[in-house]
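> Heads up: the protein sequence lines correspond to chains A and B, in order.
181 is the number that my numbering gives to position 181 of the first sequence; each next residue is one higher, with no gaps.
Just add 226 to the spot in the second sequence (first one is 1) and you have my numbering.
These are calculated hints, taken from the structure and not from any lab test.
Yeah, the Cβ is synthetic: ideal placement off N, Cα and C, and Gly gets one too.
Be aware that one or more of the hints could be misleading.
[Said to hold, decoys possible] Residues from chain A that keep clear of chain B, each with C-beta distances beyond 10 Å, as calculated: (1) Q23; (2) V30; (3) L60; (4) K67; (5) N125; (6) L162; (7) T170; (8) F191; (9) Q204; (10) K205; (11) G219.
[As the list claims (entries may be wrong)] Straight-line alpha carbon distances no greater than 27 Å define the calculated DSS-like cross-link-like pairs of lysine-lysine that follow: (12) K213/A x K537/B; (13) K153/A x K484/B; (14) K21/A x K465/B; (15) K197/A x K537/B; (16) K474/B x K21/A; (17) K221/A x K537/B; (18) K152/A x K445/B; (19) K221/A x K406/B; (20) K537/B x K201/A; (21) K474/B x K213/A; (22) K221/A x K133/A; (23) K537/B x K87/A; (24) K563/B x K171/A; (25) K171/A x K537/B; (26) K87/A x K445/B; (27) K153/A x K445/B; (28) K406/B x K87/A; (29) K213/A x K202/A; (30) K153/A x K260/B; (31) K537/B x K205/A.
[What the hints assert, rightly or not] Partial pick of chain A residues on the chain B-facing surface, computed with a CB cut under 10 Å: (32) L11; (33) N19; (34) H29.
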Amino acid sequence: MKLLLIEDNHLLAEDILANLKDQSIGVEHVSTLTDAREKIGVYAYDILVVDLGLPDGNGLDVVRLIKEVDANAGVLIVTARDSVDDKVTGLELGADDYITKPFHMAELIARVRSLFRRKKLKGSNVIEVNELKVDISLSTVSINDQIIEMTKKEYDLLLYFLYNREKMLTKENIAEHLWGDHIDQADSFDFIYTHIKNLRKKLQKGGAKDYIKSVYGMGYKFSTSK
Amino acid sequence: MQSKRTFNLLSRITFFYLIFTFVVFYFNAKLLTKEADEFIDSDLNRRFGWIEGRVEHHLKKGRSIDSLIGGSVSNIQEISSHCKKTDYPITEDITIYHPEIERNLIHRRKVVLVEANGKFYRVSMDKEVQNYYYFRDDIFEYLIPSFIVLVILIVAFNVLLQGYFLRPFRRILEAMQNFKVGGSKEVEKVSTTTKEFVDMQDLFTNMIERIDADYNHLKEYTEDVAHEIQTPLAIIRNKSESLLFSEKLEEEDAKMIKTIYDEANHLSKLGTTLNLITKIENGEFTDIKTLYTIEEIRNQVEAVEELAQLKSLSIEMKLDEEHALNIDPYLFDIILKNLLKNAIRYGTAEGPIKIETTSTEFRISNYGAPLNISKDQLFKRFVKGSESAQSLGLGLALVAKICSVSGLKISYGYERKQHVFLLKK
């Protein structure tokens, strides 16, 4: 996967770069509209992550441009303004998804991966981790080819873990992913605990290893290493 | 508050103008009448004086009384010299019947005392004044109709002028009414050559430009703050998140970093929500349409049903398909989310959360202990019903704000152990 990050804040960009590289995602970074235009003109990217507020213009211009150059590239816009207008305009211009600042890195990674699958890996929408297999197009989970029944939330949770393998996920992070702003976070921790307990139980019962590890009671991690 | 009755300017001016005209006409008539009376008096006095002189002259010459009666002299009587001389002259108006025209006519009678050759005579003189009076009264008879004609003309003109002269004024007002802060529509320029209206329009235009500029500055400022603050917050959060899982970390330090992480989250949410409230106040959500709520409520309930179940709460719905609101769907979404969030957060397992709509009302209730804050405080910012640090204390303030800009009424009540929020048009 080749990703271009267009973000003017260097600290944030560094963070994103580090996190994406950790996840073995190939990423390049530019901080201005001009540089972005240049890069897009020369190289092909699978995914573009575009901050809308750039020092030399609106990131929407990049969205417009990339759709002319390579209509098949996935575009994720990053907006800090929480502005409905920007989101709508962005999506109308052909952006595939948006994420609002401040976002969790895990959320960004999940969105990027999901976008990549949707846009680029047509037909092979299956994530496999040893005995565990998730077919995204059918929304099914199977262990050793045995389909496991899951609730929608458990499925979402599992997918989120799979998109963020080997990465710590805080409870806040998971809560926000699962429920968005439907609930204040403190209330949701018990629910997360219940969900994770159920998910682990189902996976183990189906014959999978216990991949989901609790870390200091502060978060969780999906890890295939010991 | 009782509002004062208002009148439009031209009617008011016309009204005062008419009163003024009436006063002028009235005093004019009074003056003319007085003039006429004076003229009548002086004319008659001149004539009576002349007749009196002639009678005196003849009496002095010794002519008999009878030969002098006739014409204007109706009677001459010799009276005692001890009579009260100060009583004379006597002037009065009397009515005399004239058989030849079969009518009563008013006459002026003047009785004078004439002294001739040491004798006193009482001389009565009559002069017909009916025609004088007719003439005098004509003043009123002519003035009243001309006043009425004037009134009609003025009122008619007023109506015409209201339509013609005041049209630009009305159009300017209309244009002003359609002006919306931050709206993309240009304010329509009304062309007029009336100086006052041109001045007024210029003033309005300047004001609007200033308001728009102020508004845009404020908006930019708010957006910039929101934007610029979110990025550092994101960095703080991400850095603390990575630190949190660092293996070198002592538990004590982890706790502190967790606090930083939590507070960064809190701050970020706070910023977003306050920004949202500002946007709502500024009327930036303009996608107002008739929204049938049943679908939206079902979707939202589905999204949170699980959360409710985990708290052993059930959600009962009794929805009316006809329930509709005129509102930006995004704003209704926020209302619903916050009311549901509230119900789940504070609901107890004593009974279900109930959502009911009728064709005019939306009602959501949950069981729970009575509030420990006053009812008036409920919709204010940063008032929390619980000690939870995670609650922003902005949810219901947001709901109240949306209701007030969307022309909806939200009320709260506590009945039969249930907290009830009622949303009405």
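> Compare the structure with each hint and give your call.
Hints and how they fare:
no.	hint	result
1	Q23	holds (13 Å)
2	V30	holds (17 Å)
3	L60	holds (15 Å)
4	K67	holds (25 Å)
5	N125	holds (25 Å)
6	L162	holds (19 Å)
7	T170	violated (6 Å)
8	F191	violated (5 Å)
9	Q204	holds (21 Å)
10	K205	holds (21 Å)
11	G219	violated (7 Å)
12	K213/A x K537/B	holds (25 Å)
13	K153/A x K484/B	holds (26 Å)
14	K21/A x K465/B	holds (16 Å)
15	K197/A x K537/B	holds (16 Å)
16	K474/B x K21/A	holds (22 Å)
17	K221/A x K537/B	holds (26 Å)
18	K152/A x K445/B	violated (40 Å)
19	K221/A x K406/B	violated (51 Å)
20	K537/B x K201/A	holds (21 Å)
21	K474/B x K213/A	holds (18 Å)
22	K221/A x K133/A	holds (18 Å)
23	K537/B x K87/A	violated (34 Å)
24	K563/B x K171/A	holds (21 Å)
25	K171/A x K537/B	holds (18 Å)
26	K87/A x K445/B	holds (18 Å)
27	K153/A x K445/B	violated (38 Å)
28	K406/B x K87/A	holds (23 Å)
29	K213/A x K202/A	holds (15 Å)
30	K153/A x K260/B	violated (104 Å)
31	K537/B x K205/A	holds (26 Å)
32	L11	holds (5 Å)
33	N19	holds (8 Å)
34	H29	violated (15 Å)
Going through the hint list in order, the structure does not satisfy hints 7, 8, 11, 18, 19, 23, 27, 30 and 34.
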